[in-house]
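> Residue 1233 in the working numbering sits at position 476 of the sequence shown, and the numbers go up by one each step.
It is worth saying that the hints were derived from the structure and are not from the lab.
You may find that some hints are simply not true.
As the list claims (entries may be wrong) - As a list, the in silico DSS-like pairs of lysine-lysine whose alpha-carbon atoms are at most 27 Å apart: (1) K1009 - K1055; (2) K1055 - K1092; (3) K937 - K954; (4) K1108 - K1092.
Here the structure is a predicted model, which means the values were calculated and not measured.
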Amino acid sequence: MLTWFLLPSVITTPQPLNLLPLTMAIKMTWQLWLLSLLTHAILLFTASSQSINGDDLSALLSFKSLIRNDPREVLSSWDASSNTTNMTTPVFCRWTGVSCNDRRHPGRVTTLNLSDAGLVGTISQQLGNLTQLRVLDLSTNSLDGDIPISLGGCPKLHAMNLSTNHLSGNIPADLGQLSKLVVFDVGHNNLTGDIPKSLSNLTTLTKFIVIRNFIHGQDLSWMGNLTSLTDFVLESNIFTGNIPETFGKMVKLITFNVQDNHLEGHVPLSIFNISSIIFFDIAFNRLSGSLPLDVGVKLPRINRFNKIANHFEGIIPPTFSNASALESLNLRGNKYHGLIPREIGSHGNLKVLMIGDNSLQATQSSDWEFLTSLTNCSRFIFLDVGHNNLRGAMPINIANLSNELSWIDLTGNQIIGTIPADLWKFKLTNLNLSNNLFTGTLPPDIGRLSVIRMFISHNRITGQIPISLGNLTKLQKLDLSGNALMGQIP
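Kindly generate the complete structure, drawing on both the sequences and the hints.
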């Protein structure tokens, strides 16, 4: 008999799946991917930084290669072979004249200062690759050639000083792209051409100095846009035309200097409204007109006022006595007439008064009272009233002027009387009393002076030449001609 055995079915309960090994694998894969990505990024950043640092290195080495003479060996430290750099401190950051001070861009050149280094050569165009450069100072060297156009590609540049070199050519128009530029000084070079109008974009500029070049131009009205300027110096160039009315918009000016150009016409009244001006110099031009009578009130901070050799006329405004900071007033070589203001030195700070070669008058003793006010000036050193129409006797209170007085020029007037005996008390290096009507004898103490130049010619001096004249050991020029002197020469 066939017997069937039925085995009971084995029923099993499903067990939960263990995903831990899979999770760990995925996590490890993710970490490895992130690590790979980070490593790649670091490599890219390092390569980029090295590339950028390499640009800076290349620019500096290019600059060095164009230096023909380095008599003080200031570039001797510029040795690329010692470039054991890392990402943050390239070796060139320790080179003479080079600084890398930007924490956001470590290892980038921010300052190149090689002023007064005696360098002879040209400026490399590759300096334009120093895109983090803030300060460029190559002043007082013997650099020639053009100003590199590429410098317009240094967007961070704040200060550019290339003064006192032998640079030539034009000021590059590309420099108008330097929107952060504050200081621009290319004075004492051989630059030519116009100032490019693109520089009107430099609205942050505070110092604009192009003194002693051969730059020309007639329409400078656009420069009125440079309203942040404190120092504006165009001295000794070939600018023509009028001083623009728009210059009155430079309301922060401290120095206004357009001396020694070919400017003509009147000075806009708007300039005399810039109360911050301390140094005002328009000498040696062809300017005309008259000064505002309230000039000393409108320019309360004025320290030096120079209008020598122009065509100004009218009277000297008495309000100069209100300008208590005024130390030097130079109006020589114009057409001023009338009396010298009696209050001219009342504020006590005047050191220099140059008003010779005008048509100023003194016909009676009260007209000389300006000398009384000058006795208030304890540091007064320079008096020039020569070539005017001053008549009468010179007051004896001239002896009360500052003991520091070193220059007296009274030539070309009609002053009478004797030469003051107390002149020896001054520290005179120049004494010019020629072409007057002085009488009497030469003071016996004249040998106590420290003069280098003494001119007393064409007067009515009589008597003998004092023996003490032989004590003038520093004397270089002496003119006593045109008098009635007698006796022996000491």
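> Please go over all the hints and tell whether each is borne out by the structure.
Hint by hint, here is what the structure shows:
1. K1009 - K1055: Status holds; Cα separation ~14 Å.
2. K1055 - K1092: 23 Å, holds
3. K937 - K954: 17 Å, holds
4. K1108 - K1092: Given that 27 Å is the threshold and the Cα spacing comes to 23 Å, the pair holds.
Hint compliance for this structure: no hint is broken.
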